[in-house]
Amino acid sequence: MRRLIFLVLCVCVGFSQNLKNSQFFKDVNSTCPIKFIDVFKYPDWIAAVEYKNGKKVLFSSAKQMFYYIYTSKPKEVVPLKKLYVTDYKTKELIEATDAFYVFGSRIVSFSGDDLIPFRSYDDAKEFADKTSASRIFEFSKINKKLIDYLN
Numbered sequence: 005m006r007r008l009i010f011l012v013l014c015v016c017v018g019f020s021q022n023l024k025n026s027q028f029f030k031d032v033n034s035t036c037p038i039k040f041i042d043v044f045k046y047p048d049w050i051a052a053v054e055y056k057n058g059k060k061v062l063f064s065s066a067k068q069m070f071y072y073i074y075t076s077k078p079k080e081v082v083p084l085k086k087l088y089v090t091d092y093k094t095k096e097l098i099e100a101t102d103a104f105y106v107f108g109s110r111i112v113s114f115s116g117d118d119l120i121p122f123r124s125y126d127d128a129k130e131f132a133d134k135t136s137a138s139r140i141f142e143f144s145k146i147n148k149k150l151i152d153y154l155n
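Taking this note's numbering, the leading residue of the sequence shown gets 5, the next gets one more, and so forth.
It is possible that part of the hints are untrue.
Unchecked claim - The following label-pair restraints were derived from C-beta to C-beta distances:
(1) 58 to 135: 19 to 29 Å
(2) 58 to 139: 34 to 44 Å
(3) 83 to 152: 21 to 31 Å
Just so you know, the hints here were simulated from the structure itself, not pulled from any lab data.
Glycine included, every Cβ here is placed at the ideal spot set by N, Cα and C.
My request is simple: use the sequences and hints to build the entire structure.
As structure tokens, this is what we get:
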């Protein structure tokens, strides 16, 4: 059992370091502006906003990214280029607009109840069934009211 725990920790730390060294995360502040933690501490949950001017902001989870989008009042208006979330199954960054989000499962992020993103509906459905989740949302169905409810 100890070996298994050690192996899991090594894989997580290794994944976190590989992710941190990827070109996408180069020269980016890794502190979540909402929860004030290093996002690489929980790499399975990373979300990101990329602006057209090249600036990137990292978040500790999809919920925190949506909260930021719905509540921040930027000093300057810079159009968004893309939103990213980490696919919970593959642990890869995917475009947030293409993801399916599981709501109400027994699995929680660092910040509590969260939206758990998946690249495919089938993966989201399988996860939702295993974890007694309430619903699966498409990106277009996520709104400020839902994020406020999760907070």
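Here is what the structure says about each hint:
1. 58 to 135: 19 to 29 Å: Since residue 58 and residue 135 have Cβ atoms about 37 Å apart, the given range 19 to 29 Å is violated.
2. 58 to 139: 34 to 44 Å: holds, 35 Å
3. 83 to 152: 21 to 31 Å: Given range 21 to 31 Å: holds, Cβ gap about 25 Å.
Going down the numbered hints, you'll see the structure goes against just number 1.
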